[in-house]
Each structure stands twice: as structure tokens, then as C-alpha cells.
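The lines below spell out each chain.
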Amino acid sequence: MTAISSGATTYIAQSVSLFDGFDGFVLPLVLKIAFVLQLFFVVPLVGGYLEHKAMGRMQHRRGPVEAGPFGVLQLVADGIKFIQKEDVIPRAADRWVFAAAPGVAMVPALLVFLVIPLGPGVFALDLELGLFYALAITSVSVLGVLMGGWASANKFSLIGGLRAGAQLIAYELPLILAAITVAVQAGTLSLVGIVEAQAGFMIPGTGINVWFVFPQIVGFGIFFISAMAELSRPPFDMPIGDSELVFGYMTEYTGIKYAMYMLTEYAGMITMSALMVVLYLGGWQLLPGVPMPGCEGAGGLFDCSPIGIALSVLVTLGKIMALVFVMVWARVAYPRLREDQLQRMSWLVLVPLSLLNLAVITVFKVVF
Amino acid sequence: MSDLDTKERIQPGTAPGEDVAFEIHGDGDFPTADMSLSIGPAHPATHGVFRIVLEMDGERVREARPVIGYMHRGFEKLAEYRDYRQIKALVNRHDWLSGFSNELGVALAVEKMMEMEVPDRAQWIRMLIAEWNRILNHLMFIGSYAIELGAITPMFYAFREREDIQHLLESATGGRLHFTYNQPGGLKIDLPKGFLRESQRLSTVVRERLPDYFDLVLGNEIFQGRTKGIGPLPSDVALSIGVTGPTLQATGVAEDPRVTEPYLKYGEIDVPVPVGENGDSFDRFSCLLRRIQASLDIIDQVHDHVPPGPVNSKLPKMVKAPEGATYVRTENPLGQLGYWLESDGGRTPWRLKMRTPSFSNVQAIPYLMEGVLLPDAISILGSVFFVVGDIDR
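Residue numbers (our numbering), protein chains in the order written: chain P, 1 to 368; chain F, 1001 to 1393.
Derived by calculation from the structure, the hints in this document are not laboratory data. Every residue gets a Cβ at the ideal spot worked out from N, C-alpha and C, and that includes glycine. Hints are not guaranteed to be accurate.
[To be verified] Reference listing, derived: stretches of chain F covered by chain P, where coverage requires no fewer than 3 residues with Cβ under 8 Å from a Cβ of chain P:
no.: 1; segment: 1075 to 1087
no.: 2; segment: 1263 to 1275
no.: 3; segment: 1286 to 1294
no.: 4; segment: 1306 to 1312
no.: 5; segment: 1363 to 1375
[Said to hold, decoys possible] Sample of chain P residues with no beta-carbon within 12 Å of chain F, all distances over it, derived:
no.: 6; residue: Leu158
no.: 7; residue: Val246
no.: 8; residue: Phe247
no.: 9; residue: Pro335
[As the list claims (entries may be wrong)] Capping the alpha-carbon separation at 25 Å, the derived lysine to any residue pairs in SDA-like fashion look like this:
no.: 10; chain 1: F; residue 1: Lys1228; chain 2: P; residue 2: Trp347
no.: 11; chain 1: P; residue 1: Lys53; chain 2: F; residue 2: Phe1075
no.: 12; chain 1: F; residue 1: Lys1228; chain 2: P; residue 2: Val349
no.: 13; chain 1: P; residue 1: Lys53; chain 2: F; residue 2: Glu1163
no.: 14; chain 1: P; residue 1: Lys85; chain 2: F; residue 2: Trp1340
no.: 15; chain 1: P; residue 1: Lys53; chain 2: F; residue 2: Phe1156
no.: 16; chain 1: F; residue 1: Lys1228; chain 2: P; residue 2: Gln341
no.: 17; chain 1: P; residue 1: Lys53; chain 2: F; residue 2: Glu1080
no.: 18; chain 1: F; residue 1: Lys1228; chain 2: P; residue 2: Ala330
no.: 19; chain 1: F; residue 1: Lys1228; chain 2: P; residue 2: Lys85
no.: 20; chain 1: F; residue 1: Lys1228; chain 2: P; residue 2: Tyr49
no.: 21; chain 1: P; residue 1: Lys53; chain 2: F; residue 2: Arg1209
no.: 22; chain 1: P; residue 1: Lys53; chain 2: F; residue 2: Glu1170
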């Protein structure tokens, strides 16, 4: 662990992953890959199950009940079904682009999980540029969507793909501006460093510890809306818009390729929620200013006992699921916006607001 | 049709060797190629096999051409081979969401030609069931319109109420969709015991749940943003096209045969007719929603009026309408339904012409969709309220 000093606060930059505690080169690598893969394949399933059940309860239904106890295996069963389906490629489709598109969309969603910290040491990598990496790589996914929309040789797909592209361009900006504001306040781009900065952030003049959501409630709102738009989650699901575009860029996809797109969406929900937890909601801290039981270093965030680590991971996952729930709630409650209304909201409301937010927080940071 | 099929279209990502022709339109710096987008016959927004061919410039609709006839089932011709008691099982299928109201039209036409006396009890019960049927229909459209705008939940709310109402109607008629409850001269059978009490209870329940729709759908900011000012239909255009029902009432014309030309006992009670102002999608939807309230008001009044007595009159072994013709119009859930019944004195009609509300309503689509955006086209399509079987018959 190398401690570097930046101004008044000291951060543990590039902290070491738990998995590096094992000897050799191969074993930590295998463990890290296994960790990322299970994050990618299991947590989105939990989120999807939560969505099924929560939507069901809000709509006078029960949600899945048949597959496994309380229907928990429904999405696994869906996955098996998708694998068995015929893989159809339309005659007029651009074959290679069509086949590659779901992969291009999915791999970035997998790679983001590399830097997501779930607890002290529970991450694969702590990049110094973690936030930059996460935001850069999530925006690659849209290439897969554009490719799929173009290569399908379907007008609905084409419109869907183009809408997705336009949407990404419009909402990337407020998303990044909101994230930059957090980086400015934390003084680091490392996701672990941002969590640590939140544990040490006091309301000026008092000793009360708060998370970044408190000074940056506006930024949090902007980030949340932009994240939903970027994931094309309802009410921002115009690229899919089933009543207008049949199923948008996914219209021609079947079987495993369709499942890959769906997995991308759900993995995206998890990563965006995880980023929000890290950036605004104190990471694995249970409550602001309260050290995690079993943890000692840096305000009760690091140097944890196994119990402390397990608790931290649970806290992070709990926060992620709470945010996923809010996204599901929005889907149940709202109709879809129109494409031009969406663009207007981004350029005329969110971008100026996020710039203002950045300016205010920067001044605040310099003054105090 | 032929010009649709031969028209050159843009094919994104075509197969190797395939020639593609682009027609370049537009002015200024961005000349673009138009795209002809065929919505339907099998498309989620058309709820049935309805097709609209849109000539699009980007997301903007230049021209909309409805193509109908995919569901033509020849009901008018079939009716010429059914006797007057059998027709009701045909006509409650052309608009499958308002089966009872359709039967009612035929029954009224036959009774008018035969100058038959219908017992009071039957007439009041017909009104009661017709209004419940109207609510069933409107709930369906509330749910499906919300789905077209991307809100999935109101559909489930609507089906909660629909299930209760269908249960009630099933207890009297034995049917949930095709009631087959009318017959010339009255009703098939009397109401079961306790029906009126149950109907009263249900009317309060539905009335209590109506605010859910007003809050969740009508009051929703995004819903208002998607519908207000979208597809305004001036009342003179609406009248010249022949649009009726909630779509016409939304333009501010309080035309409703229940008031202007009362049939059954509608003249004896107070029939509220909700109207809109601008005739846009929002007004059309809000009219539909307020028509549920109006129907509940009527139902509550009917409960106090249903007299005891027989529900049908004695029919001859063979119902034969005398030679001649008649026209009967009723306010169906979707608009005015007219039956032109012509008889040569035989046991089947010589001609049964149907003037269905959906057919007239979709005539407004080319007018409404010109120059709108694709999402607005869907918002309009859902708000002119049609049932495909009712268009094609």
C-alpha cells in the first residue's frame, strides 16, 4: 500500500486487491477472472429477479413463481431457453456485423466490472483512472447497438439504432460532467479513493461526516437520469420502444444473441448503480461516520476482518439493489418520453445544470 | 395496392448484388431520402391486423396511408344467411369489445320493423348491461393506449376492473366477451338473483378506483407531454369525415344518440356527455376516461328504475321482419353504430349494412398523421380508438 499525500487529505491510492494476497501470477489472475465473471453473470440475474418480482407486486401480479423456490430460477430458465432457440440471421443482413454486434455491446459491460469495488479489497483492479475507465468503456456498448441496428436490414432496427446513438451522445455529457464533479470533490479518479474520500468528508465547520450525495444532490439526480437514459431503461427506452419500433435494434435478434443484448442491459443497470453507490452513496459504508464492524484503517473502511469484508460486500450489494429498485419503479410508473423531448431535456436542462453543479462544487472545493 | 408494392424503397444493409434505389427529397443542406415504413399488419401498436404505410423523412411522417381489409370476415354477407335470432351471434363479433351493444342494435332494428312491444324490464336491463359493456370497452382502451405510450402498469389496473365486471356479466349472460343476451323482443333470460345488488356494489368499487387512472395516467407529466397538442382534430373536419364517439366528443361536439335521438329508456334519465376542447390525443383520452364516469352515473340511475315483470315478449316460431327497410343508430362504446336492415319478408334479412364507428374513425388517420413524428403517430393511432374487426367486418 502506498500512501500519497494530496493537500490536506491522504489517500490510499491504488490499493491492493484481496486476490493479490495469493502467491504467484496464475492463481490471483484466475481468481480475479472468476470474480468478475460471477459479478457479471450472477448480480444482473439478481437484479432481474428483483425487477420481475417488484413489477409484479406493483401490477397486481405475483411475478415468477414456478421456476425454483419463489421463481428465483426464472431468469436461468430463460437463459437456457434462449440457448436452445434457433439462431436466425436475416438474408439481407450484413452477416458478420450482425453476428458481432451483441458481443461488441456485451464485452464492455463485462469489462466495467473490473474496477467496481464491492468492499475493502473486493475488486479486481484499482486503477488510478478508475472512473475515467468505467465511463469510457460503458460508452463503447452503443457501438454494438448501432452495429446491430444497421446490420439487421430492418427499418425498425435502423431507427432504433440511430435513436440509441443520438441518446448516448446527448446523455454522455451530463453523465460525465456529474461524475467529474465528484472527482473534483474527491481529488482522485480512483473509485476506491472516492469511497475513502467520502468517509473523510465533513460538512465544513462541523465534524459531521456525510456522503457526496449530500452536497451533490443535483449531481446525483443528473447522474441517475442520465444513467437510465444511457441504458435505455424506461421511461427512456425509445431505442426499443416496442409500441413504435417493434423492438428497435433487437427486432431481428433471436436466441443467444438476443440474450446477450438483454444481459448487457441488466449488467448496465448493475454497473451504473454500482458507480452511483461508489460516487455518491459512500461505497461500502453502512452509514456516514460509522466505522464498519471489524474494520480499522481509514475511518473504518480498510484492514478488515473477514466478517467486516462480508458485511461491506453485503452493504454495497444492498445499495445497488435499492437503486435498481428505483429504476424498476420508474419503469412501472412512467410512460415513454418522445425522442425530441428526451434530447431537449438533455441539452436544455441537464447539461447547463451539470455545468452549474460543476462550477459550484469547484468553487466550494477551493474555498473550503 | 399496386403502387405500394412497386414503389422503390430504401433497404438498409442490403444483400450482395441487390440494387437499391434512393429517392432523394428535401431542400437546403440536408437532402434526405424518404423511407416508406409499413406499420403492421402485425405490429404491436395496431392491436390487430391493421396496417399503415408511412412515408417518412427521418422520424417525420410525410404521408400516412391506412390499409384495411386484412380482417375482412364478410359479416354483412353472412348475416343474409342467418335468421333474425341467429344474427346476434354474428354481430357481437365484429367489434369484439362491445358485443352487447352490437347485438342491441340488431335487436332494436328487428323490433322496429316488426313493431314489437318490448317489456320495460328488458329495456332497463339492456341499458344496464350496455353501460357495463361500455365501461369494459373503455377500460381496455385505457390500458392499451397507456401501453402504446410505454406505460405498462395501467393495463394491469384496467384488467383488474375488467375481470370483476366480466364476472358480473357472466353471471347474467353466460358470456365474457360475446354475450348473446339480446333477442328480438327482449332478453334471453332474466337476471340472476342478487345481480342488481352486486352491480350496485361493483359500481361503487369501480368509481372508487377511477382516480387511480386519473392520477396514474391522465395526471402524469410525461403522458401529458406525449398527448397534449398532438393530433388536434377540428370539429368541422371531424364531422365531415364522419368521426363519432369519444373521438368526436373530444373536439367539443356533444353528439350522442343516447341524448339526441334517445333509444331504450335513455330519454327518461340524465345522460352526461363529456366533451373536450381541442380534440387532441389528450382530450380524446380524457373523454374516454370521463365516459366511464358518465356510464357509472347512468348505471346508478338505472338501478333505481328496473321494474319487475317479464324480460321477453312471446315470439312467433319463425321471426320474420315484414318487407321494408329501417335504420337504427346506437351509441356504441367507440362511436355511432348504424344498422341498415332491409327485408323482403323472408326469414333472413335481405341486406344488413353495418355503419361501424371504427371504420369512420380511422378515416381521420391520414389527416391527423400528416407531418407528425413517428412516436406521435403512435400516440394518434392509439387515440382514435378502433377495433380492427370493426373496421373490416
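Hints, one by one, checked against the model:
1. 1075 to 1087: That given contact is violated, which follows from only 0 residues of the segment 1075 to 1087 of chain F lying within Cβ reach (below 8 Å) of chain P.
2. 1263 to 1275: violated (count 0)
3. 1286 to 1294: n = 0 at 8 Å, threshold three: violated.
4. 1306 to 1312: With 0 residues closer than 8 Å to chain P, the segment 1306 to 1312 of chain F misses the three-residue bar; violated.
5. 1363 to 1375: holds (count 3)
6. Leu158: 5 Å, violated
7. Val246: 6 Å, violated
8. Phe247: 9 Å, violated
9. Pro335: Its Cβ does come within 12 Å of chain F, the nearest being 4 Å, so this is violated.
10. F:Lys1228 with P:Trp347: 22 Å, holds
11. P:Lys53 with F:Phe1075: 44 Å, violated
12. F:Lys1228 with P:Val349: Holds - the C-alpha atoms of Val349 of chain P and Lys1228 of chain F are around 21 Å apart, at most 25 Å.
13. P:Lys53 with F:Glu1163: With a Cα-Cα distance of about 22 Å, the restraint between Lys53 of chain P and Glu1163 of chain F holds, given a limit of 25 Å.
14. P:Lys85 with F:Trp1340: With Cα atoms ~52 Å apart, Lys85 of chain P and Trp1340 of chain F exceed 25 Å; violated.
15. P:Lys53 with F:Phe1156: 15 Å, holds
16. F:Lys1228 with P:Gln341: 13 Å, holds
17. P:Lys53 with F:Glu1080: 52 Å, violated
18. F:Lys1228 with P:Ala330: Answer holds: Lys1228 of chain F to Ala330 of chain P is near 22 Å, not above 25 Å.
19. F:Lys1228 with P:Lys85: Violated, because 43 Å separates the two Cα atoms, which is more than 25 Å.
20. F:Lys1228 with P:Tyr49: Answer violated: Lys1228 of chain F to Tyr49 of chain P is near 36 Å, above 25 Å.
21. P:Lys53 with F:Arg1209: Answer holds: Lys53 of chain P to Arg1209 of chain F is near 23 Å, not above 25 Å.
22. P:Lys53 with F:Glu1170: 32 Å, violated
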